[in-house]
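Colleague: In order, the protein sequence lines correspond to chains H and R.
For the first sequence, the numbering used here begins at 1 and goes up steadily by one.
For the second sequence, the numbering used here begins at 1001 and goes up steadily by one.
What the hints contain is simulated information worked out from the structure, not anything from laboratory work.
Positions of the beta carbon are idealized from the N, C-alpha and C atoms, including for glycine.
Incorrect hints may have been included.
What the hints assert, rightly or not - Residues from chain R that keep clear of chain H, each with C-beta distances beyond 12 Å, as calculated:
hint, residue
1, T1026
2, M1027
3, T1028
4, G1029
5, Q1030
6, D1036
7, E1043
8, L1044
9, T1046
10, M1058
11, E1083
12, D1085
To be verified - One-sided and incomplete, this derived list gives chain R residues near chain H with beta-carbon spacing under 10 Å:
hint, residue
13, A1012
14, I1049
15, H1054
16, C1087
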Amino acid sequence: MKTRYETVIGLEVHVQLTTASKIFCGCSTAFGQSPNSQTCPVCLGLPGALPVLNQEVVNAAIKTGLATNCRIAPYSIFARKNYFYPDLPKGYQISQFELPICEQGWLDISGEELADKRVGITRIHMEEDAGKLLHDSAGGSLVDLNRACTPLLEVVSEPDMRSAAEAIAYLKQLHQIVVYLGVCDGNMEEGSFRCDANVSVRPFGQTEFGIRAEVKNLNSFRFIKQAIDYEVERQIELIEEGGKVVQETRLFDPDAGVTRSMRGKEQAHDYRYFPDPDLLPLEVSDAWIAEIRAALPELPTQKRQRYEEELGLPAYDASVLSAERPLAEYFEALVARHNNPKLCSNWVMGEVLGAIKENDVTISACPVTPELLAGILQRIEDNTISGKIAKTVFSDIWQTGKSADEIIAEKGLKQVTDTGALDAIIDEVIAANPTEVAEYRGGKDKLMGFFVGQVMKASKGKANPGLVNKLLKERLSA
Amino acid sequence: MKITEEDVTYVAGLARLSLTPEELQTMTGQMDAILDYVDKLNELNTDDIVPTAHAVPMANAFRADQVRPSIGVTSALANAPQEVDNCFQVPRVIE
């Protein structure tokens, strides 16, 4: 029954920028400081204080616009959005309304169990954040204005998504891009990347959209999925029961996993936008755009594609390695030193990711640097050590910071490739296991594994497995 | 009359103003007169004029992204009618 309905989702994402100072004043944007310690006449909204635009905010907006295929407006203006709320000291928020800085962009999304799809971006504009309200005091609400005037980009998508999975794919990609660009720290728990979802349903085949609800308070990918799924189900049930969806703002309650109407607080929104006379128009020249475009880093989608096409990596490897910029940079530094992308990829995705997770460090703080890891890989490929011994070398480097060659020399881990030495060990193994030797010679081929294992064990892992195999075969068939 | 008393009541509501019946009447008349005056602009031909967002023919005033000292919590709260734990205290806001 539910499949008769199509879900329509549009997303508004607020991206908090990583500038050191606020958008219109010099106060610090550092998170978690004592209340109202990072305020001044501008962000307190004191009479006569004048805002001046932080140029780095414009740079961040242009970067994000270019990375999401937007048109960068040569001329844009700031507007006042007027409403009263205790966290908004001026009685208006400085934002952009007509003439935002970026328009008409798109992102291509893809993923497991998702058809490739282009999601339109209507606009990206710059604005200031509001302060923070604390509700736990007995007598009233408390206002902390440290966050007031913190720079935000609002990224508004077209209503192009048709499932929670598509919405998540879009959000993850946008998140990846702003973090790659370095314009946002991406910390969703601290609210650096937050999302409102406009959700509606309509019978398949209907061209006009259904009435939408706007769901707020979505600060993790998991909550966004839960909230959308809940909302879709709620709306379909409502319609099936003969009811009507009303246009309203709903708050997601993560504890209960439901969305709730905020109607109590809702009033007719009439923001009376008008151009802010305190701020001059913004003109962005082609030269400015070109300069930023030239300095853009390679983005995750481009990296993924390059890893597949030029380095010949499987799609899975390419997507894991390109997901985060520091990881991609580690991998690329490694490949630059050891030109065997697949071997590099296996080690980064295996040992390196495993070890940093186990030790709870970031990839940038990984004590086995790309140089040191390249040292291990060289010794695997020139048969000095086996892959198995290499793992021991890796953990020794992790502990000591020494080079692979130092550790191999100190611990005597060099593979035994001297046939004379191996012959002696093989003699011992054959002498010690007469029953198995007889069975093998009687046709039980799979005992070969047993013999190889015994020889490897006797050599403390240092024998070259390929050579052991070859020598054993010769000796046992004799 | 371009402006009705309903318009003025609505705008007053948005601005959190309460007006006496006399004030409502006065304001309605005054706002109507202001709009009449602004209507004079319609006598001009503005076909080739781009919408004006700012009265000064300038663009691009920026500051560098540098942190400057804040005024400190004592000064910030100096005019607060009520303060608790370094915060402004306001009547409880319904969530």
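Colleague: If a hint holds in the structure, say so; if it doesn't, say that too.
Modeller: Each hint tested on the structure:
no., hint, verdict
1, T1026, "holds, 22 Å"
2, M1027, "holds, 17 Å"
3, T1028, "holds, 19 Å"
4, G1029, "holds, 22 Å"
5, Q1030, "holds, 19 Å"
6, D1036, "holds, 20 Å"
7, E1043, "holds, 23 Å"
8, L1044, "holds, 20 Å"
9, T1046, "holds, 17 Å"
10, M1058, "violated, 5 Å"
11, E1083, "violated, 9 Å"
12, D1085, "violated, 7 Å"
13, A1012, "violated, 13 Å"
14, I1049, "violated, 15 Å"
15, H1054, "holds, 6 Å"
16, C1087, "holds, 4 Å"
Violated hints, listed in ascending order, are 10, 11, 12, 13, 14; each of the other numbered hints is respected by the structure.
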